[in-house]
Structure formats: C-alpha cells, structure tokens
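Number of protein chains: 2
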Amino acid sequence: MAAGEFELIDHYFKPAPDELAPDSVVLGIGDDGAIVQPDPAQQLVVAADTLVADVHFPADADPELVGERSLRVNLSDLAAMGATPAWFTLSLTLPPQWPEEARRRWVAGFSRGLKACARAYDCSLIGGDTTSGPLTVAIQMLGQVPPGKALRRDGAAVDDFVLVTHRLGDGAAALAALKGEVSFAPEHASYLQQRFYRPEPRLLEGIVLREIASSAQDISDGLLADLGHLCAASDLAAEIDVAQLPLSRALEALPCEQAYHWALTGGDDYELVFTVAPDKMPLLAMAQASGEIDASVIGRIVTGAGVHCELDGKPYRLARAGYRHFE
Amino acid sequence: MAAGEFELIDHYFKPAPDELAPDSVVLGIGDDGAIVQPDPAQQLVVAADTLVADVHFPADADPELVGERSLRVNLSDLAAMGATPAWFTLSLTLPPQWPEEARRRWVAGFSRGLKACARAYDCSLIGGDTTSGPLTVAIQMLGQVPPGKALRRDGAAVDDFVLVTHRLGDGAAALAALKGEVSFAPEHASYLQQRFYRPEPRLLEGIVLREIASSAQDISDGLLADLGHLCAASDLAAEIDVAQLPLSRALEALPCEQAYHWALTGGDDYELVFTVAPDKMPLLAMAQASGEIDASVIGRIVTGAGVHCELDGKPYRLARAGYRHFE
Numbered sequence: 001m002a003a004g005e006f007e008l009i010d011h012y013f014k015p016a017p018d019e020l021a022p023d024s025v026v027l028g029i030g031d032d033g034a035i036v037q038p039d040p041a042q043q044l045v046v047a048a049d050t051l052v053a054d055v056h057f058p059a060d061a062d063p064e065l066v067g068e069r070s071l072r073v074n075l076s077d078l079a080a081m082g083a084t085p086a087w088f089t090l091s092l093t094l095p096p097q098w099p100e101e102a103r104r105r106w107v108a109g110f111s112r113g114l115k116a117c118a119r120a121y122d123c124s125l126i127g128g129d130t131t132s133g134p135l136t137v138a139i140q141m142l143g144q145v146p147p148g149k150a151l152r153r154d155g156a157a158v159d160d161f162v163l164v165t166h167r168l169g170d171g172a173a174a175l176a177a178l179k180g181e182v183s184f185a186p187e188h189a190s191y192l193q194q195r196f197y198r199p200e201p202r203l204l205e206g207i208v209l210r211e212i213a214s215s216a217q218d219i220s221d222g223l224l225a226d227l228g229h230l231c232a233a234s235d236l237a238a239e240i241d242v243a244q245l246p247l248s249r250a251l252e253a254l255p256c257e258q259a260y261h262w263a264l265t266g267g268d269d270y271e272l273v274f275t276v277a278p279d280k281m282p283l284l285a286m287a288q289a290s291g292e293i294d295a296s297v298i299g300r301i302v303t304g305a306g307v308h309c310e311l312d313g314k315p316y317r318l319a320r321a322g323y324r325h326f327e
Numbered sequence: 001m002a003a004g005e006f007e008l009i010d011h012y013f014k015p016a017p018d019e020l021a022p023d024s025v026v027l028g029i030g031d032d033g034a035i036v037q038p039d040p041a042q043q044l045v046v047a048a049d050t051l052v053a054d055v056h057f058p059a060d061a062d063p064e065l066v067g068e069r070s071l072r073v074n075l076s077d078l079a080a081m082g083a084t085p086a087w088f089t090l091s092l093t094l095p096p097q098w099p100e101e102a103r104r105r106w107v108a109g110f111s112r113g114l115k116a117c118a119r120a121y122d123c124s125l126i127g128g129d130t131t132s133g134p135l136t137v138a139i140q141m142l143g144q145v146p147p148g149k150a151l152r153r154d155g156a157a158v159d160d161f162v163l164v165t166h167r168l169g170d171g172a173a174a175l176a177a178l179k180g181e182v183s184f185a186p187e188h189a190s191y192l193q194q195r196f197y198r199p200e201p202r203l204l205e206g207i208v209l210r211e212i213a214s215s216a217q218d219i220s221d222g223l224l225a226d227l228g229h230l231c232a233a234s235d236l237a238a239e240i241d242v243a244q245l246p247l248s249r250a251l252e253a254l255p256c257e258q259a260y261h262w263a264l265t266g267g268d269d270y271e272l273v274f275t276v277a278p279d280k281m282p283l284l285a286m287a288q289a290s291g292e293i294d295a296s297v298i299g300r301i302v303t304g305a306g307v308h309c310e311l312d313g314k315p316y317r318l319a320r321a322g323y324r325h326f327e
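Those protein sequence lines, which keep their order, are chains S and E.
The first sequence maps to residues 1 to 327 in UniProt numbering.
The second sequence maps to residues 1 to 327 in UniProt numbering.
Watch out, some of these pointers could steer you wrong.
Incomplete in silico selection of chain S near chain E, CB under 8 Å [what the hints assert, rightly or not]:
no. : residue
1   : Val26
2   : Asp31
3   : Asp32
4   : Gly33
5   : Val52
6   : Met81
7   : Pro134
Keep in mind that the hints were calculated from the coordinates and are not lab data.
Every residue, glycine too, gets a C-beta built ideally from N, C-alpha and C.
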C-alpha cells in the first residue's frame, strides 16, 4: 500500500464495523501489505486483470457498474481455473484533474459496486493502492483449488468435445450498442447492458468441471482467439460448427452473419470454453440435467493447429476482421 | 491473464528454457491464472503498488530502470512486513500509439530490468496481463511470513525508540535532480540516480526486525507521512530529533534546511521506519554490530497523536509544504 489517498481508502474500502472479515484475513487494508492464512490443503490460484477507461469501459460509465465489472472479469479467470475466490487487491488510478467532489462520488459508487460483488462471491478486498493518472482499475485475485484439480488450457486431447457455457456474442453486441453502432429492442438492450457490466463469472461451473473437463479457459478476447490459445497450449486444433454456437434471443434477432461474427470474435463474454473427453460426456449430461451447468457442444478437438469453422459442412469465413475492446 | 499481446508476454516474460521455475510454481505464465503451492507453515503477505509514467517515473526513463524500480518498490512493502518474497504478477499498460518497434524495445528493456531484479531477490513472475492505455506498471507481490511474525504498523508503545534504516531524503533529492531543479556534484548525482531507480528493498533488515521491532513500515510517501500512519495505527505520537536524521553525503552537501526538508517529507526513499521497545535495544545493537542492519535512532514514541519534530530542543517547522511524486 503506497501513495496517498488514505482517507479515501479508509472511508470507502475498509469493511464497515459491522462487516466481519473472514477468519482467513489476518490483517486487511491499512498496512504495507495484507496477511492472509491460505488453506494448507489447497493450492493458490493467482490472476490479474486491468480495466482502462475508454479501452475496457466508457470513461463516463456508472462507477458502480465499473466496480461490478472489474471484479467479475477477474472472478471469471478463477472460474476458468476451477478455483474458489478468496481475496483480492485493488490498484486504482484516478485522474488528478478530477475535482475532489467528483473523485469522492466516483469512488463511492465504484466501491459500492465492488463490495456488493465481493459479498456476492464471498471474497475479500485485502489491500492495494491508489495513484494519480488516467482512470484505471487493476485487480489481482487470489483463489484456492485442491492440488492437481485446477482446470488448465493444456489438457485437451483428440476427439474431445468442445463446449461453451451459456450464450456467446452478447458482450460484443452490448459494446456496439453502448457505442451507438446498433440499436436493439428495449428488452434486448437492457439484457445486453447487464451482460456487459455484470458478466456472470462461471465459478460453480468451473468447480463442477474440475471432474469433467480436460481443459478450459474463459472467453475474454473472443471464442476464436481464446479457443486458439487452448488449442495452442494443448498442441492440437479445433473444428467448430458455427450453427451450434449458442445465441441469446438478442443475437438471434440479428442477421445470422452479424450474430456469428460477434459470437466467434467478440470479447467480453466471460463464458467458459472447455473440452470433455467422450467418456466423460455422461458425467456432463448429469451435471446439465441437475442444472449445475448450462453448456452447448460446438465442436471437436482434432490433430493440427488452429481453430477451423464450418457451416452446413463447408468452411465458414468471417466477413470482417475481429476487433477488440471498447473504442 | 486477459487481453492480447500474448506474443510479447511469451517472448519477454516467460522464463527462458534454461531458467528453472522454483518448485513452488505449479503453473506459471500462460493460463487464465497461475497456480502456486504456498508453504503450509507460513502466512501469505500480499502487497500491490502501481507506477504511472510521469507521476512515478519520467515517461522517457530507461525502461530497464523502470523494470528494476517497479519490482523494488513492491519488494519494499514486503520488507516492511518482515516477509520473504515469493511470486508476483504484472499488469502492464502500454500506449496504443507506440509504434511496434518502440513497444518491443521498451518491453525488452523493461523485462530485462524486471527479471534481473526478480533473480536477485529470488521471486518469480507468474502471470499478469498487458492492456492498451497510458504507460502504467502495476505489480502485485506475494510473500510469506511465519504465523504471527509479520511486522505491522499498529504495535508501537510509549517510550519505544523510533529508528530508520540507512539514509533519508535521497529519493526526493534524486527526483529534483532528474527534473533539473538542482544539480549535484557528479559522484553525488550518480549515487542519487541509483537510489531512485534501484532503491534497496530492506528485506534482510525486515526479517531481522521480526524479533526486534514493535512496529514498522516502509517510507514511500516521506518520513512524516509514513511515521504518521504508524502512529495513527498505534494510536500514539512520535517525537523526532531532526539533527539525528541520517543523511547521505549528497544531502550533507546541501543547506541543512533543504536536506531536512527532503529527509522529512521526500517520498521514494523505501527505507524502513520502525519502533523498538527499550528492552529490545540490546538485540538491535547486536544486529547492528554484526552488520545485519544499519539503522539510526531518530526519536521516541509518546502519548498523543501526530509526529512532532524538534531541533536543538525547539519545535522544528518545515519551511515549505511537502510535495509528492514526479511531475
């Protein structure tokens, strides 16, 4: 914990007197570092994700939503590892030219969103720092996983099924709507805004998948890019049937080509893409039947390299180059 | 680990094939999160510090020095906790307008400095992310400490001696020199530049002080501010004898008032300020005699609040308001 703004931290980020810190937090916000007691029977999972204003969110976005989103995208990394969230630090950079009142209002809203999300997902803010500069939120998330049980990118095998959780492409569609590039019917617009600012980290799914999936990762840069990383880590290729991509009703209302484009290349979905060996598919079916996971088969793992898309048995080519992030 | 730049990360930040990761790193850079195996007999210490270009370092500074400094200021937080460094993540934000070649050159230099420092202090880069935006380095540092042994800010007691390691004020003097506000004789200028870019994290001192000090913290915002935090955490006050402030020869060459001002208010020293109960002073003397720690008594802890400075038995008033950071 370094430069300045101690009063801000004390006021907005320290737990209120009636909020009990979990026993695992030996020393929280307010010293040079925090002290936590990891579960000696588990391994520690560490992830870090940074959100920059006007790159990852509009600079004038509701700070409460930015707080929610900042934590959720980090929780998504833990979900992709099959880990349970425990603690996190926050490095918050605030523009020096902001008037005091604007700064307080922003931090108050941001901390409200962040803390609500931390409560919902049972993890604790234990420290961090605030600095002056362009509006940036950097979070480091710590979670725990039983030894050897983490989901990794490098475990896919030939003939494994490729699956994704829930729906794809909503994040990119939401961004396009936020930027005024497309407009959606009101019920779809509000659904997409929720999907953008409050992506659901698939934590329970990740825990269930520890015993089922051979590999997994979350989709933050788009299915093609992220499944590509998984394939590269596993030294294999994937074949995707574009017609199987799970789409929300908001995307189903669009021309197919646009919907497929966003589902394949749009970032910010924070769903999981994972692989399952054929003999584990019955386990997955049971998990689906019991409502523990909502997932769709979209393809198979094959030898080779890269991700290949088909539609109606023919190679499917993207109409436009993918794009990334806000702006 | 999220957005883009995977090639950069692979190339510059992954350990080279001949660099063995320590056994504690189960899974390093390249997945959604890293997996480490903490020592079950220790507690985990977590610190985070962010450096923003043109706030904490000149934007045109040698990237190798920026890499060194970024890690060192984070290691200083662990030193102040009496912890041993283990692993860290890096969130690197690079200006999107940088040409490819400039970006590569900067990252190559930065990673060289960072990795050299990581080797020197025996800690491992295990993950992080790179994003587009204003040049910013956010590091999250993980260390370990035996249960109950961490140095904290809230342990000072009345009559404890107040001490600092090594010399004070060099960081502020170096900044003033970097900004061309003052000039120093060549040997002092090069000493100060080293002190600014390569501050020595007082890790061994922190470990020795676990058994000696009643409280400690590192000096990143200036002695008065940081000792003030320690006093506030301990609900006590401190009296400082300005004549006892340990100064380098570079600062001794200045008018007293300027040297005292920097020693009292200058940030970026990354020395430790700590308190020792009278009955522990013999232990400290032994540690000093054996060369384990270089520290000077500068005052005592008293009842009350705040930090009070005296010179020749009279209250000492600062000539100018303190300032913070580069710019």
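Against the structure, the hints come out as follows:
1. Val26: With a closest approach of 6 Å, the Val26 (chain S) hint holds.
2. Asp31: The hint holds - Asp31 (chain S) has a Cβ within 8 Å of chain E, the shortest such distance being about 5 Å.
3. Asp32: Hint on Asp32 (chain S): holds, closest Cβ of chain E at ~4 Å, below 8 Å.
4. Gly33: Holds, about 4 Å.
5. Val52: Cβ of Val52 (chain S) sits 4 Å from chain E, so the hint holds.
6. Met81: Holds: closest Cβ of chain E sits about 5 Å from Met81 (chain S), inside 8 Å.
7. Pro134: Holds. Min distance 4 Å.
When held up to the earlier numbered hints, the structure conflicts with none and fits them all.
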